[in-house]
Each structure stands twice: as C-alpha cells, then as structure tokens.
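Visitor: The opening residue of the sequence shown carries number 1 in full-length UniProt numbering; numbering runs sequentially from there.
Don't take each hint at face value.
Unchecked claim - Taking lysine-lysine pairs in the BS3-like style, the calculated list, with each CA pair at most 27 Å apart, reads:
#	residue 1	residue 2
1	96	40
2	185	170
3	50	96
Claimed, not checked - Estimated spans, in silico, between C-beta atoms of each pair:
#	residue 1	residue 2	range
4	39	87	29 to 39 Å
5	79	37	19 to 29 Å
6	179	37	52 to 62 Å
7	178	49	33 to 43 Å
8	10	111	15 to 25 Å
9	39	212	49 to 59 Å
10	111	173	22 to 32 Å
11	168	42	45 to 55 Å
12	167	202	21 to 31 Å
13	173	207	18 to 28 Å
14	188	212	26 to 36 Å
15	208	66	33 to 43 Å
FYI, nobody ran anything at the bench for these hints, they're computed from the structure.
In this text, a Cβ means the ideal position worked out from N, Cα and C, and glycines have one as well.
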Amino acid sequence: MFDDHIGHNILFVTFDDCVYGLGSNSEGQLGLGHNKPVEKPVEVSQLCHKNIHQFINGWDFVLAVNTDNNVIFSFGCNDWGQLGRDVDRDGYHYHKPDTVIVSTIGLIISQISCGKQHTIVLTTCGQLLGWVAIGCDGQVVMWGMVLAKSETNNISNNFTFENSFDVITKLGEGGYGQVYKVQNKCDEQYYALKICPLEGLTEKEKQNVLKETQSLVKLRSEFVIEYNYS
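Kindly generate the complete structure, drawing on both the sequences and the hints.
Guide: Okay, structure coming up:
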C-alpha cells in the first residue's frame, strides 16, 4: 500500500504468482498501461509469474523486485530518471513495467531505497549504485535527482549472510558473538567476520553491541591486522 498526490494505491501478489493493483494510479504506478483510477483489483500481466516478492515505491513510481534479488521492474513517473529508464523519449511516464539493468554480472542486490525522485541500490559486496562511489570497483550509477535526504523511504533489507559470504571455518567467540573466517562472494577476498545475534539480549547488552560496532567502524585500516589465508 502506498499513497500518491491524489490518493491511495495497492499492489499485491497472490499465491499463484499473479500481481494485482488498484487505486488512484495518478502516474501509472500500478503498471496497468494507463493512469486512470482503478476501483477493483486488475491483473498486472507484465509482473505475473515473475516471482515478485517486494514492491518499493517513491513519490509517484514503483520498483518490483523478484525473488532472485537481482531483477528489478520499474514503472510510473520518470521525470528525473528515477526509474532507470530512458528520459529522452516523448513524455516521462512509463505505465507498463519493464526490467532495469542495475549492475554488472555477479553483483547481488542487498538493499533498495526510493525517495521522492531518486533510487539507490546497495549490493551485498558493499557497492553503492547511487551518488557515492564505494565497494568493489567504485562504479557510480545515478537514477534520478536527490532533493532531500529526509524524503527517503521504503528501504528493503534483503541482505543475508549466506548470499554474501562462504564460511571457511569458525575462529572463536566472545563479546556477544562468534567470529568466522569467510570468503566474500563478490571480491573473493578472505575476512574475519563477527556475527552478533541480538535475539535474547537485554537492552543494555544491545547497547553494548552498538557501542562496540560504532567504535570499530572508526578504526583506520592501517591499525587493523590483516590475516591472509590464516
């Protein structure tokens, strides 16, 4: 469920993998091929049987993500290129879903954030497809125009440990967590990674984990011992 500047909208997936939408549809963000109001659920044929498991919306556009976490469909308003689709065509609306190529082969999407007129994608190896270059190769891709950080909403968090790392061995435990030697599936480098489950911890213990994390991220890399193939 999401609102646009006119009213409410709903998109949902059924157990038989069909997608339906209804609502104000002011910018064609239901993906039905038009921008007329829809009072009863109508099938979105381009998204049916595509394993869609999540919808992420901006102000007047929508992204649909399929279950392999690496294919995105976009539709709705594209006046600032926020759909990742051609902005030079006549008009700036896409009333039907189409796929968006977000990265090179081998990168897995971890998180997606849509703001009023922009889209940001984070991969499991730490690469940010947006206005900041970080991660494996420093690639920068911008979809749309960032108007205000406070307008960002609907962050999906599909990151999983299993999608990002292969566990080589367990190194030890302590300090609310366990330490593993892992290999990053993106850059194939080896790291010592600590997992700190929060389930079962008291509020004070959770705060201690947070403080430890905040301290560790401030460490300069030259003061961190590197263990290669240990």
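Visitor: Compare the structure with each hint and give your call.
Guide: Do the hints match the structure? See the list:
Between the alpha carbons of residue 96 and residue 40 the distance comes to roughly 18 Å, so the proposed pair stays at or under 27 Å and holds. A threshold of 27 Å between alpha carbons decides the hint, and for residue 185 with residue 170 the separation of about 18 Å falls inside it, so the pair holds. Taking the CA atoms of residue 50 and residue 96, the gap is near 14 Å; set against the 27 Å cutoff, the hint holds. Against the hinted window of 29 to 39 Å, the Cβ-Cβ separation of residue 39 and residue 87 comes to about 31 Å, which satisfies the hint.
At roughly 21 Å, the beta-carbon separation of residue 79 and residue 37 lies within the given 19 to 29 Å, and the hint holds. Checked against the hint of 52 to 62 Å, the pair residue 179 and residue 37 passes, with Cβ atoms roughly 55 Å apart. For the pair residue 178 and residue 49, the beta carbons lie near 40 Å from each other, so the given range of 33 to 43 Å is met. Look at residue 10 against residue 111: about 24 Å separates their beta carbons, and that is inside 15 to 25 Å.
Hint check: residue 39 to residue 212, Cβ distance near 53 Å, so the stated range 49 to 59 Å holds. At about 28 Å, the CB distance of residue 111 to residue 173 agrees with the hint of 22 to 32 Å. At about 50 Å, the beta-carbon gap between residue 168 and residue 42 stays in the expected band of 45 to 55 Å. The hinted range of 21 to 31 Å is satisfied by residue 167 and residue 202, whose Cβ atoms lie roughly 28 Å apart.
For the hinted restraint 18 to 28 Å between residue 173 and residue 207, the CB-CB distance of approximately 20 Å keeps it satisfied. A C-beta distance of roughly 28 Å is found between residue 188 and residue 212, which places it inside the suggested range of 26 to 36 Å. Hint check: residue 208 to residue 66, Cβ distance near 39 Å, so the stated range 33 to 43 Å holds.
Comparing the model with each earlier hint shows no violations; every hint is respected.
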